[in-house]
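Chemist: Note that the protein sequences, when read in sequence, are chains A and B.
If you read the first sequence in the working numbering, its first letter stands for residue 1045, the second for the next number, and so on.
If you read the second sequence in the working numbering, its first letter stands for residue 1045, the second for the next number, and so on.
Heads up, a few of these hints could be off.
One copy or any two copies: either way a pair holds, since identical chains are not told apart in the list.
[Stated by the list, open to error] In silico lysine to any residue, SDA-like type, Cα no more than 25 Å apart, as pairs:
#, residue 1, residue 2
1, 1180, 1259
2, 1180, 1269
3, 1413, 1178
4, 1413, 1274
5, 1413, 1168
6, 1413, 1395
7, 1413, 1175
8, 1180, 1151
Derived from the structure by calculation, the hints contain no laboratory data.
There are 2 protein chains.
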Amino acid sequence: MTGPIDPPPRLLMGPGPVNADPRVLRAMSAQLVGQYDPWMTATMTETMGLYREVFRTDNEQTFVVDGTSRAAIEAALVSLVEPGDRVLVPVFGRFGHLLVEIAQRCGAEVHTIEVPWGEVFAPEVVEDAVRATRPKVLAVVQGDTSTTMCQPLADLGEICRRHDVLLYCDATASLGGNAFEHDAWGLDLSTAGLQKCLGGPSGSAPITIGPRAVEVIDRRLHVETGIRDDDDETGPGGRIRSNYLDLAQVMAYWGPRRLNHHTEATTMLYGARECARLLVEEGLDAAVARHERHGRAMLAGVRGLGLAVFGDVAHKMHNVVAVEIPDGVDGDRARAGLLDDFGIEIGTSFGPLHGRVWRIGTMGHNARKDAVLVTLAALEQVLRASGASVTAGGGVGAAQEVYAS
Amino acid sequence: MTGPIDPPPRLLMGPGPVNADPRVLRAMSAQLVGQYDPWMTATMTETMGLYREVFRTDNEQTFVVDGTSRAAIEAALVSLVEPGDRVLVPVFGRFGHLLVEIAQRCGAEVHTIEVPWGEVFAPEVVEDAVRATRPKVLAVVQGDTSTTMCQPLADLGEICRRHDVLLYCDATASLGGNAFEHDAWGLDLSTAGLQKCLGGPSGSAPITIGPRAVEVIDRRLHVETGIRDDDDETGPGGRIRSNYLDLAQVMAYWGPRRLNHHTEATTMLYGARECARLLVEEGLDAAVARHERHGRAMLAGVRGLGLAVFGDVAHKMHNVVAVEIPDGVDGDRARAGLLDDFGIEIGTSFGPLHGRVWRIGTMGHNARKDAVLVTLAALEQVLRASGASVTAGGGVGAAQEVYAS
Chain A
1045 MTGPIDPPPR LLMGPGPVNA DPRVLRAMSA QLVGQYDPWM TATMTETMGL
1095 YREVFRTDNE QTFVVDGTSR AAIEAALVSL VEPGDRVLVP VFGRFGHLLV
1145 EIAQRCGAEV HTIEVPWGEV FAPEVVEDAV RATRPKVLAV VQGDTSTTMC
1195 QPLADLGEIC RRHDVLLYCD ATASLGGNAF EHDAWGLDLS TAGLQKCLGG
1245 PSGSAPITIG PRAVEVIDRR LHVETGIRDD DDETGPGGRI RSNYLDLAQV
1295 MAYWGPRRLN HHTEATTMLY GARECARLLV EEGLDAAVAR HERHGRAMLA
1345 GVRGLGLAVF GDVAHKMHNV VAVEIPDGVD GDRARAGLLD DFGIEIGTSF
1395 GPLHGRVWRI GTMGHNARKD AVLVTLAALE QVLRASGASV TAGGGVGAAQ
1445 EVYAS
Chain B
1045 MTGPIDPPPR LLMGPGPVNA DPRVLRAMSA QLVGQYDPWM TATMTETMGL
1095 YREVFRTDNE QTFVVDGTSR AAIEAALVSL VEPGDRVLVP VFGRFGHLLV
1145 EIAQRCGAEV HTIEVPWGEV FAPEVVEDAV RATRPKVLAV VQGDTSTTMC
1195 QPLADLGEIC RRHDVLLYCD ATASLGGNAF EHDAWGLDLS TAGLQKCLGG
1245 PSGSAPITIG PRAVEVIDRR LHVETGIRDD DDETGPGGRI RSNYLDLAQV
1295 MAYWGPRRLN HHTEATTMLY GARECARLLV EEGLDAAVAR HERHGRAMLA
1345 GVRGLGLAVF GDVAHKMHNV VAVEIPDGVD GDRARAGLLD DFGIEIGTSF
1395 GPLHGRVWRI GTMGHNARKD AVLVTLAALE QVLRASGASV TAGGGVGAAQ
1445 EVYAS
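If we strip away everything but chain A, and leave its shape as in the complex, we get (with noise of 0.2 Å):
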């Protein structure tokens, strides 16, 4: 007979999911009430304004996407875009790669601009593309993991002022370790996950989604039929190709009117309110200066250990680094290792740096000195034991020494 759940321990030091803090896991652990229960509508309520505290936004429409980060990120598309428009993504990774293809999907003409991975874009080149191909929406990743760059946002929102573009940011994995300002950038819609900075696990997906962004959606509102009353206009835009990541519905869902949409995963909206909580509890300037800071003492760690480190680091992102795998080393060999016998996860890598780069993570609830400095000291031992030239306890030194300073 298969036994009850019961994970191996493991501190997990990769591009995320990270370890939840077990605050969160115990919020989720708390007994469900139902749906429309004023207690229910009440937390809901809450934890729309808690979010918006994180998303540094007085959006009203700041919520939860029932699904992971990506499901938020088609909602956003899919709510936004109508088959033939143009989305315009500036790819710097994986992730920007994922924006084409879920724009794709929804219909849109996609046209995209590349860096090197590695590189991040120079306000003036996104311009240029949004002058060229006159898009509906820019559509961009804040920090792709990939390459742990960090696009900076600040002149992307002043420019599709001007150029009358709405300006989707997926944050998922930054948001909470690196600032962001949703509001003070000239965002319209941006979405994340609980996964990465946020300290939970995924399936539950924050957005906040601005006026000119409303505006768009709400025009294409068709309340569904079934619960749908006699009185019930259908927008003049196109219907959403999606029921469940149709944003028209859940926004009416989360509002006043409490439309009758999907059954809300409780435990999960349990687990969001918590994370944000305690970013809230936390501040979140001094949330993003801890991820800054054991970012600095990983980074300074690896360095110290004799790594050299992938990508433009001033564009790096607070809380993933990507590590070289010295010549010689079998890098998967390394990365079990350090799994089974130390019960730390560090990343792989995908595409052009697959084989090439270990990404490490130090975020949300890992974004602490034990974890640095256990991550360091078995990353020593590894590394030696691979054959690597290793510098004896210059990872923990290093590491020490920037948290000294």
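Starting from the structure of chain A, add chain B where the hints point.
Modeler: Here is chain B on its own, set in the frame of chain A:
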């Protein structure tokens, strides 16, 4: 400062969601492991095996979709249906209309047949419609909570084989509490949710896909940009319009290829696994018998209170009953009294039944004697306070007779 979550105690006796089994919530408090950790992939494989037993199928492709039950419905339809394909939906309640809505958004040419609320379809009526419309897919709800009806399915499988039609079933509200035989009944694709008879929270949706449906879906495989290899062929079928709910890719993610797709909602997976494990431990037949017994006690109880029951009781699901609100009683006020004073939730209703019936559920963890008797005792008090004529002790007494027999 907002504090940690602290929901009020509620006994959820509506049509679902209901209280989660505490064992499921405990399983969900386990810490995360990495997405491709050998323990994690083994746990995914184990979960597939458990759901084969729940769905009574040998289908290799049996897993969970990371979203609520309607995410799995949409995954099924968007993956099976190409724009212009014909879909036939027998509508006998709100959730039939939902299948229509979702199929339309997938671009299907949708045909419907309808019976009055409170009835189900005779197989020959469905076969006539299949003959007349020659659909690619017959999409049918097994148990529609809006009317409490349970559509017999065994004959539909045979009809679909005869006419070379794919049979999709939404078993969200019925699975685990009513007989369900995916293979024996000739179904091609079935989906469910955790929040009804499976005793878990909403947010993960079990699915099983038979060989005929797998073939149709696999012809549409298009590995997403960003992780596609040069030797990844695109199938001859049209690209699936959703990426998140693309079952061709999701099958490759759950299968030996372990195609990178979404980030697994690990906590929901733990919950889904525990729901199935508990059902398998109890035995599916025993679980259905338990739902039958407590459903019969509740039915006898509401009748014993002098209340009339809506619909064709011979075709009622075991796990929910629709009760006519007595003349002169304000249905919403009585429900509010039950919630506020007794902590017990029963359900309101949709469409033609709104304001006419309450829906009372006995499902999952709440398909048990104390939950039935407490609900009947409290309902008696609330009815009396609302001015209805009610038989003192009649509800609990009638239920006790069922339990004694």
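Chemist: Measure nothing new, just compare the shortest in-copy and cross-copy C-alpha distances for residue 1413 and residue 1175 to 25 Å and report within, between, both or neither.
Modeler: neither (46 Å within a copy, 69 Å between copies)
Chemist: Please sort residue 1180 with residue 1151 into within, between, both or neither, judging by C-alpha distance up to 25 Å.
Modeler: So residue 1180 and residue 1151 pass the 25 Å test inside a copy (13 Å) and across (23 Å) alike.
Chemist: Pop the pair residue 1413 and residue 1395 into one bin, within, between, both or neither, using alpha-carbon distances up to 25 Å.
Modeler: The answer is neither: 31 Å in one copy and 57 Å across copies each exceed 25 Å.
Chemist: Since the copies are identical, ignore which copy is meant and state whether residue 1413 and residue 1168 lie within 25 Å (CA to CA) inside a copy, between copies, both or neither.
Modeler: neither (39 Å within a copy, 69 Å between copies)
Chemist: Should residue 1180 paired with residue 1259 be assigned to within, between, both, or neither, using CA atoms and 25 Å as the limit?
Modeler: within (13 Å within a copy, 37 Å between copies)
Chemist: Check residue 1180 against residue 1269 for me: Cα-Cα at most 25 Å, and say if that holds within a copy, between copies, both or neither.
Modeler: between (29 Å within a copy, 22 Å between copies)
Chemist: At 25 Å max between alpha carbons, let me know whether residue 1413 reaches residue 1274 within a copy, between copies, both or neither.
Modeler: neither (60 Å within a copy, 42 Å between copies)
Chemist: State whether the alpha carbon distance between residue 1413 and residue 1178 is at most 25 Å within one copy, between copies, both, or neither.
Modeler: neither (47 Å within a copy, 65 Å between copies)
Of the numbered hints listed earlier, those contradicted by the structure are 3, 4, 5, 6, 7.
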